[in-house]
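The primary structure of each chain is shown beneath.
There are 2 protein chains.
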Amino acid sequence: MNNFNFKNPTKIIFGKDTIEQLKNEIPEDAKVLLLYGGGSIKKNGIYDQVRTALANVSVIEFGGIPANPEYAVLMKALEVIKTENITYLLAVGGGSVIDGTKFLSAAALYEGNTPWDILKENIRTEKGLPFGTVLTLPATGSEMNSGAVITRAETKEKLAMGGPGLFPQFSILDPQVITSIPERQLANGLTDAFTHVLEQYMTYPTGALLQDRFAESILQTLVEVAPKVLKDPTDYKAASNFMWSCTMALNGLIQQGVPTDWAVHAIGHELTALFGIDHARTLAVIAPSHYKFNFEAKKEKLAQYGERVWNITEGSIDDKAYAAIEKTVDFFHKLGIDTKLSDYTKDYEGTAEKISQRFTDRGWLGLGEHQSLSPDKVEKIVKMAY
Amino acid sequence: MNNFNFKNPTKIIFGKDTIEQLKNEIPEDAKVLLLYGGGSIKKNGIYDQVRTALANVSVIEFGGIPANPEYAVLMKALEVIKTENITYLLAVGGGSVIDGTKFLSAAALYEGNTPWDILKENIRTEKGLPFGTVLTLPATGSEMNSGAVITRAETKEKLAMGGPGLFPQFSILDPQVITSIPERQLANGLTDAFTHVLEQYMTYPTGALLQDRFAESILQTLVEVAPKVLKDPTDYKAASNFMWSCTMALNGLIQQGVPTDWAVHAIGHELTALFGIDHARTLAVIAPSHYKFNFEAKKEKLAQYGERVWNITEGSIDDKAYAAIEKTVDFFHKLGIDTKLSDYTKDYEGTAEKISQRFTDRGWLGLGEHQSLSPDKVEKIVKMAY
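Residue numbers (our numbering), protein chains in the order written: chain A, 20 to 405; chain B, 20 to 405.
You may find that some hints are simply not true.
Intra- or inter-copy, both count: the list cannot distinguish identical chains.
[Stated by the list, open to error] Here are the computed lysine to aspartate or glutamate pairs in the EDC-like style, where the Cα-Cα straight-line distance is at most 20 Å: (1) K30 - E89; (2) K146 - E44; (3) K35 - E345; (4) K146 - D337; (5) K101 - E333; (6) K256 - E319; (7) K250 - E398; (8) K399 - D338; (9) K62 - E47; (10) K26 - E39; (11) K26 - D36; (12) K359 - D254; (13) K247 - E202.
Read the hints as simulated data drawn from the structure, not as lab findings.
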């Protein structure tokens, strides 16, 4: 097991009818900017619950944060924060709204040249404007971590940021919100959480026995509840386990003491930036090719995953590892998630070279747990995913 | 899954040679009281590592905190805290030293009549004097939770306390400390952590699928590493997984959203108070009888535990559940832990009645996950454990 430091101070308020507890979490003298996305919260009743809970607090709203939170939109919100002397941010939404809010939390106190530097120069945020979240879409785990990914349409870039100042003060997780989420988004959430675990697990054994078992626990739970969530989002048992699994998949716990990969995300982000493909779907496109291309380096862990998560008992290590990849692809397909780039666009020729070139330009010369995935290898993986 | 609130702000610094990081965690202008136990830290090198790391900080020492931290001893430490204007506490030890430090953290800022009230009246501590820990004995999980148990010899009482103000600011966990722990203490630690998980898991199903799997992950890991830890404490892979399992067993995570039992602890504490039996051993004495006595209420979970942790595949639910209890007893025996009260004292007659009477006197009329374990039932369980 590798050495590690772990601290996660976010307060989780989980369960039925918990949104009303908002009133206990935000200081009464706060001046709140309520951030949300396309406005679905106004249709499904969540907005009303939030406003009722905040009846005694001064609240200004900023809606319209798009999926893949867009820098240009966020810069308008930043202007509101400054002109209105906002003291507290409240994200009501999924990963995009929460990530956007994290950017604003950092940017509000940033004293540098332009907030884009936080992303471009990867500046860690030690202290941000305090914020909380009401999660409306389980998927990214952003509600209990300190990272964010921001998109800039102008340059077709999608970059990550983070730092210990960007943990939410609190996050409210009411699994009942799932009843109003379209099936497409539910499938995305399941795929996103599943792949988050894989990125922190599908590397090589380092003797972190407990972390491996925790990772497998999340995968097993997602496999168990996925069909139930899609069939009947009012199934509270399935919904609550789905929601808690998404949070635990990326709150830092399972990555402690182990090597992590994240190449699937790095490559996947480019597919979103280039084609606008849903984030989760880009992961399902890249992961299988990535595991096949890096089969030798990952096969021991792939076989363990096959045994423990998919109950594959027959065959050699290689057989089990290969079967585990097939099971993963099959799992995505059963969620209605396509796993080839050509399923999403007919305009895929040249994509591999383009992504490879971008990584070269950025100096991303060695991705993955061994920092050995050079741009030419990335190119091959993307081609395998056509 | 039940509703829950979860927040654990303790920073964990885990791994080889991490004690030197103390210097980054304690403010340089702090006036530190270094608390420890019987002095083994002066023989095994941990004391020297701590003092080296704190070379630039003002430190006063208070040693001699006994196993089952004694109120009378702690009151002397409290006097030092007040006369010396201590601003920061540092526990260097196992669960007893850390629990004692938590009491001092609470007592130092307590404004009531006498600090004993914190225990007797179960007063939650919202704010304590800040403290950190250097863990020397994996077992209780006290290094990452906000609870403590304090003993008072004068009245033969052992009572619990806690509150959100009693999380350590940081805890340093260097698995190498295990090399200097006597086998008896290692066996106790393994048993303690194992039973902590059982108390939060061996109840009845509530659809908390992920929490169940996390609990089983810790149990599986302890089962896997226990013989290795006892055979060779320098086996770092085994030591590090043992240490992290103990912390995760009682840092609050696996108890979220599920009913918890804790009757084994409540009864076990009495055996320690009456006979001075090691805490962990009292748990191994009570747990099997408790599970047999409450077999009907717990058999579904016992069978699941048997299947997933002990790979019991044959037989009915009842068969699997019963076999799981036997496997647990066998596990304790293999650790060198006796599971009958008569193995520890010949003076056991009347113990069951005495404990039952104490629970009646305290108004503890319904223990366990159903609050249905009345003192007469406790009496029967203790007799079964003779």
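Hint-by-hint comparison with the structure:
Neither within a single protomer nor between protomers do K30 and E89 lie at most 20 Å apart by alpha-carbon distance, with minima of 27 Å and 33 Å respectively. Taking the closest pair of Cα atoms, K146 and E44 come within 20 Å of each other both inside a single copy (19 Å) and across two copies (18 Å). Taking the closest pair of Cα atoms, K35 and E345 never come within 20 Å of each other, the shortest separation being 37 Å inside a single copy and 38 Å across copies. Within a single copy, K146 and D337 get their C-alpha atoms no closer than 47 Å, and across copies no closer than 55 Å, so neither meets the 20 Å cut-off.
Proximity of K101 to E333 under the C-alpha cut-off of 20 Å is found in neither arrangement, the shortest distances being 62 Å within a copy and 67 Å between copies. In the homo-oligomer, the alpha carbons of K256 and E319 lie at most 20 Å apart only across protomers (18 Å), although the nearest pairing inside one protomer, at 33 Å, exceeds that limit. Proximity of K250 to E398 under the C-alpha cut-off of 20 Å is found in neither arrangement, the shortest distances being 37 Å within a copy and 49 Å between copies. Proximity of K399 and D338 under a CA criterion of 20 Å is satisfied in neither setting, with 23 Å inside one chain copy and 54 Å between copies.
For the homomeric pair K62 and E47, neither the shortest alpha-carbon distance inside one copy (27 Å) nor that between copies (54 Å) is at most 20 Å. Only between protomers do K26 and E39 lie at most 20 Å apart by alpha-carbon distance; the minimum there is 18 Å, versus 27 Å within a single protomer. For a Cα distance limit of 20 Å, the shortest separation of K26 from D36 across copies, 19 Å, qualifies, whereas the shortest one inside one copy, 28 Å, does not. In this assembly of identical chains, the alpha carbons of K359 and D254 never lie at most 20 Å apart, being 31 Å within a copy and 45 Å across copies at closest.
Proximity of K247 and E202 under a CA criterion of 20 Å is satisfied intra-copy only: 12 Å inside one chain copy versus 48 Å between copies.
When each numbered hint is compared with the structure, violations occur for hints 1, 3, 4, 5, 7, 8, 9, 12.
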